[in-house]
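Those protein sequences? They're chains A and B, same order as listed. When you line the first sequence up against this note's numbering, it's residues 183 to 453, in that order. When you line the second sequence up against this note's numbering, it's residues 183 to 453, in that order.
Some hints could be false.
To be verified - Partial list, computed: chain B residues near chain A (C-beta under 7 Å):
#	residue
1	245
2	251
3	275
4	288
5	304
6	305
7	329
8	335
9	342
10	343
11	356
12	357
13	359
14	361
15	451
Because the hints were derived from the structure by calculation, they are not lab data. Glycine residues also receive a C-beta, built at the ideal position from the N, C-alpha and C atoms.
There are 2 protein chains.
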Amino acid sequence: MTREHIFEQIRLKKSFLCVGLDTDSTKLPKHLLKHEDPVYEFNRQIIEATQEYCVAFKPNLAFYECDGIKGWQSLERSLRAIPFNCFTIADAKRGDIGNTSTMYAKAFFENLGFDSVTVAPYMGRDSVKPFLAYADKWVILLALTSNEGSADFQLQASGDELLFEKVLRTSQTWGSTDSMMYVVGATQAAMMKKVRAIAPDHFLLVPGVGAQGGSLSETAANGMNKQCGLLVNASRSILYASSGEDFADKAHAEAKKLRDEMSVLLDKYLG
Amino acid sequence: MTREHIFEQIRLKKSFLCVGLDTDSTKLPKHLLKHEDPVYEFNRQIIEATQEYCVAFKPNLAFYECDGIKGWQSLERSLRAIPFNCFTIADAKRGDIGNTSTMYAKAFFENLGFDSVTVAPYMGRDSVKPFLAYADKWVILLALTSNEGSADFQLQASGDELLFEKVLRTSQTWGSTDSMMYVVGATQAAMMKKVRAIAPDHFLLVPGVGAQGGSLSETAANGMNKQCGLLVNASRSILYASSGEDFADKAHAEAKKLRDEMSVLLDKYLG
């Protein structure tokens, strides 16, 4: 999916919401357990309930891998339930030496058909390049993450800048604004301007709104560019809006609420 | 598996060899393709042929994930073929926010039963901690990797040290020498003394001997400690020593050659 196509969907839906499918098989509403594949059934209903309000879906690989083969089956099925006009993100945080990253790229782009994959930058250029070899596929590189541990290395000095700034600056020579996005946590609002000073035109995947406490309006104020340039993720606040039989209705309402806020912000900053 | 148990195996086998199971399903000897699960059959024969000369096996997750459910099945079967006295490493380079790392830990330690998993440090303490919550299981944290891209960030200044030094120093407050190892590439011989200055007692997982060109004798000279403290990995040079029907015999010979070199080095440095 191209950058233009993503922006088109944002304008059509008046939303830059990404729904994170961090589906915990031990936290499903009880009435779903009678299904052959309860994780898939949960995802199918979440996707159906939220697709009009979001432009992207982001399965978190850990939640499928921890159920082994069964989890992988649920993931494959869930992907087939995502409409073609939604951008798909494999939240996998992969990255290894070249021949190994090539295998991960094959797994996520060819076999599972994801549009994008999150990649960790620590191993440098040749660990990221294999993911950039696919046309219209995306690397979403970790820059400044939403968690406390981001202070351990990402916010430490690296020469005369901070490490996440070096990552942003260095990695821009590896790919373009049409093949790379960056992860920047919504909990890092104070740093968003620094990110935009280095990467004004890139799309940013922004986790941390909702359960992690980040602010949507601050994110938009500091992070939005002329093509919106933001995909803001919410996972737990949508998936677990209710643990009962009405989980999909409540997810629908929660996604609509976020879309309505986003619609106002898009009007405010893009006019 | 405890540190003492690993050292005991090293002394018994006179080897600190780890065999990397980076098994590429497209590069298997042709005569194996008649088997129902050729990747498993290949691994089974490699494990049988090399187990007397190695103390660890390291499946590289990318090579299984890229075959989806079939790959996951091959991985599970291959793990069951590894003798109980061999240390197992999930080479997965994972690491995410706490609740997600918890899921990865469950996947690798509980469901697959690995002794250890490789973890990327970029997201900091709370991304690593969940893996350290298991007794007798190990985090193998990326410090200084064997690839060219290690120069992009790991070898850059971070305050008055290099980033990999900061990773080594900071992460030592997260776990002990009984729960953490570090990845240090054999191609980084010049830096091995710096690693040992900060982490004298930790075990190091050392990739990069063989296909990547690192030196075993330099690694031992600069990296060995009084409990050996090294697990040196070889993958392609063993797995693909022959592409014919004699692949297991050739793998056996290649593993024996490395073990014989290691035996001399153990005598030299540990007496």
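Hint check: 7 Å Cβ-Cβ cutoff, residue 275/B to chain A: holds, 5 Å
Residue hint residue 361/B, partner chain A, criterion CB-CB below 7 Å: violated, 17 Å
Restraint outcome when residue 245/B is required to lie within 7 Å of chain A by C-beta distance: holds, 5 Å
Proposed interface contact between residue 357/B and chain A, which counts if any beta carbon pair is under 7 Å: It is violated, given that the least Cβ distance between residue 357/B and chain A is near 14 Å, above 7 Å.
Residue 304/B as chain A interface residue, shortest Cβ-Cβ below 7 Å: Hint on residue 304/B: holds, closest Cβ of chain A at ~5 Å, below 7 Å.
Chain A contact restraint for residue 251/B - C-beta distance below 7 Å: Nearest chain A Cβ about 5 Å off; hint holds.
Hinted contact residue 342/B with chain A - closest CB pair below 7 Å: violated, 10 Å
Restraint check, 7 Å cut-off on beta carbons, for residue 329/B near chain A: holds, 4 Å
Per-residue hint verdict: residue 305/B, partner chain A, C-beta under 7 Å: holds, 5 Å
Satisfaction of the residue 335/B interface hint, Cβ to chain A closer than 7 Å: With a closest approach of 6 Å, the residue 335/B hint holds.
Hint status (Cβ of residue 359/B to nearest Cβ of chain A, threshold 7 Å): The hint is violated - residue 359/B has no Cβ within 7 Å of chain A, the shortest such distance being about 20 Å.
Closest C-beta approach of residue 288/B to chain A relative to 7 Å, hint status: holds, 4 Å
Figure legend: structure checked against the earlier numbered hints; hints not met, in rising order: 9, 10, 11, 12, 13, 14 and 15.
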